[in-house]
Amino acid sequence: MLKSFLSFVAFILTGLQGVAAQSYVMSGIQKTDKGQMQYEVLGKVEGRYWIYKNNEGISTIAQYNDQMQLVQQNDLVFLPKKLNAIEFVTKSNRVYAFYQFQAATTVYAMVAELDEKGQLVGTPVIVDTAEKIRPGSNAKVFNLIESQDRSKLLLFSVNTTNAASVKVKTMALSTPFAMLNEAKISINSQNKKSQLSDFALDNKGNLFCLRNAEQPNAAPVVSLLYMAADGSEVIETPIVNNSLVLDDIRLKINNANGTVIVNSFYATEKKGNIEGMYTFIWDIAKKQNSISNASRFTDALRDAVTDKRNLKNAFDHFYFDQVQPNADGSFTIIAEAANTSSNRNVFSRWDYFWGGPFYNPFIFNYWNRPFGFYPWGRLGWGMMGPWGLGGGWGWGGMGMMGSWGWGGMGGWGIMGPWGWNSWMMNPFASFGYPSVTYSAGKVAILNFDANANIQSVKTIDKQQSDLNVDQFIGYGQINNADGTNFLYYQKSKGVKQLVHQQLSASGTIVKGNPIMINEKQVEWMPRSLKQVGEKEAILPYQSKGKLGFAKITIQ
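Here the sequence shown is numbered in the working numbering, starting from 1 and rising by one per residue.
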C-alpha cells in the first residue's frame, strides 16, 4: 500500500515538474524605451540574454539575467545616430556589430567587436565602401550572409549601373571580419528588368541566388545562379517550365546531400487555383539540374488543410514559411494560411503575382523563420509598415535603387533584422479608409520524398485574426532534438494562452501543455519569437503601447 502511495506521489511530482518547465518570465518595461523603439534579440552571451535597442537614434545593448531582470545596459556611443543598416553576429563570448552609414555620397560598411559586457573592443574597422550613392538615399548597399554551419561569412553587394552586366562583389570574411578573399563577378543580363533574389551561402562558401527576368504579359524567366566561392566560375541554369504558372518561388540549400532545392506553388493558369508544388533540384558537385517535378495536391491532401467543402481553393491562401531538408534528399515544407479582408476588398495572392514590386526575398533573415512574412506585406503595409521597403524597393534592378547605381534593399529602418513596436498597424485604417482584418490560419506541414513527390500532410489547426494590426497573430518556432516546436498566441472567451504543439522527430504532432497568460493589458508577438537555447526563447510583448520581453521555457 505504501509503495503504491509513493508511486502515486512520484507520478504527481513528475507531472508538476513537467508543467513547471512550461513557463514564462517577463522583464519590466524600461522608461527610456520609446513607443517606436526598434529592437533585435541577439541571443545568449556569457549566460545573459542580449537585446539591442534603438530609441530615436540612440543604440543600446540591454543584458538580462535568467529572471529577465535588467542587469546591464550600455549605450553604443560609437554608432552614428543615423544608420542605413545594422546586424549582429553572435558568438559564445563576443558579439560583432556590422553596420552601414552614409557620409556625402559614400556608404561605409563597418564592424565593431563587443566583449561579454557589451563594451567596445578597440575601434570600429572599415570593411568596405560604396561610392556615388545618392545623398539621403538611406541605401542598404552591403549584405551579410552566413552559412548554415556558421563556418562561412560573406559580405556582398550588387551593382546594376549597367543593366546588361550586373556586378556582384563578394568578400569572404573570418569571424573577426578580416578579409579572406575578394571576388568580382559579372552576370550578363539582356533584360533591364532582371532581378536577383533569394541569396544563400553553402557550407563551402559558394553563393547561390535566383535570377528573374520579367517578360511583358508573361511569367518571369527564372534561373538558378551558382557563383563559386573564389569567384572563378559562374553557372546559370534555367528553371525550365513550359506549362505551369509558378508563384512564391523559394531557394534552400541542402548541405547534408550537396543540393540546392527550389520550390514553388504552381497553378495551371494565371489567377487559377493552386494545384501543387513544383520542385527543381540542382546537384552542387555535378553542377547541373538533377530533378524537376510537379507534385499535384490530391483531394485528400486538400481536405486535410481546409474545413470548407470547396477543395479547389484549399491551398490558395498558403504561403511558404520554411523548408527543412534531410540528408536522404527528402524535405519538409511548412506553410501558413494567411489573408486579409475589409468592407471594401479581399486580398488575393494574384494581386501581386510572381512576388510583385514589393517582393524582397532578403528580409527573411530575421528571427528564426527564413521565409516568415505575410503576403499583404507586398502591398507596402501590415508587417512591413506603411513605408514599404524603405528608400528603394529591392535588389538592384528590382526597384528605384537600380537608378542609383547600386543594388541595395532600400532603407534599413523598418525592415532590417528588427522588430518595431507599432509599425505593423495599417496606417490607412482611419481618415475614411477601411479597417482591415488580418487573419492567420492553419499551418500545413508537407512531406516530400527524395524525388520531390508529396507523401503526406499534417496540420497545426489554429485560427487567429486581429483588426488593423498583425503582430499578434502567426507563430514562432523552437527547434531542438525533439523536433520543431510551434508556439502561437490564442485568445478565446477572456482566456489568453500560448499554445504549444510539436512536430516530433518521428513526424507526429504532439500537443504540449499551453502556457496560461495571467497579465492583463498585455499582448504577445509570436512571430517575433527568437530561440536562444535548446528549449528557451525570448518573446516580445506589448503593454500600453510599449515593448517588453519574456523568456519562454518549453518542455
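Hints in this document: simulated from the structure, not taken from any laboratory. Be aware that one or more of the hints could be misleading.
[Said to hold, decoys possible] Listed next, the in silico DSS-like pairs over lysine-lysine satisfying Cα-Cα at most 30 Å (straight line):
1. Lys270 / Lys204
2. Lys312 / Lys493
3. Lys91 / Lys270
4. Lys308 / Lys442
5. Lys287 / Lys184
6. Lys132 / Lys117
7. Lys204 / Lys44
8. Lys270 / Lys82
9. Lys204 / Lys308
10. Lys496 / Lys34
11. Lys308 / Lys271
12. Lys82 / Lys169
As the structure is a computational prediction, the values presented were derived from the model and not from experiment.
So, going through the hints one by one against the coordinates:
1. A C-alpha spacing of about 39 Å is found between Lys270 and Lys204, which places the hinted pair above 30 Å, so the restraint is violated.
2. A distance of roughly 33 Å separates the Cα atoms of Lys312 and Lys493; the hinted pair therefore is violated under the 30 Å criterion.
3. With a C-alpha separation of about 47 Å, the suggested pair Lys91 and Lys270 falls outside the 30 Å cut-off, and the hint is violated.
4. With a C-alpha separation of about 13 Å, the suggested pair Lys308 and Lys442 falls inside the 30 Å cut-off, and the hint holds.
5. At most 30 Å may separate the alpha-carbon atoms for a hinted pair to count; Lys287 and Lys184 meet this at roughly 21 Å.
6. A hinted pair counts as satisfied when its Cα atoms are at most 30 Å apart, and Lys132 with Lys117 does not qualify at roughly 38 Å.
7. In summary, the hint linking Lys204 to Lys44 is supported, as the alpha carbons are separated by about 27 Å, within the 30 Å threshold.
8. A C-alpha spacing of about 44 Å is found between Lys270 and Lys82, which places the hinted pair above 30 Å, so the restraint is violated.
9. Restraint check for Lys204 and Lys308: not satisfied, since their Cα atoms lie roughly 46 Å apart, outside the 30 Å limit.
10. Distance check on the hinted pair: Lys496 and Lys34 sit about 26 Å apart at the alpha-carbon level, within 30 Å; holds.
11. For the suggested pair Lys308 and Lys271, the alpha carbons sit about 20 Å apart, so the restraint of at most 30 Å is met.
12. The hinted pair formed by Lys82 and Lys169 meets the criterion: a straight-line CA distance of about 25 Å does not exceed 30 Å.
The structure does not agree with the numbered hints 1, 2, 3, 6, 8 and 9 stated previously, though it agrees with the rest.
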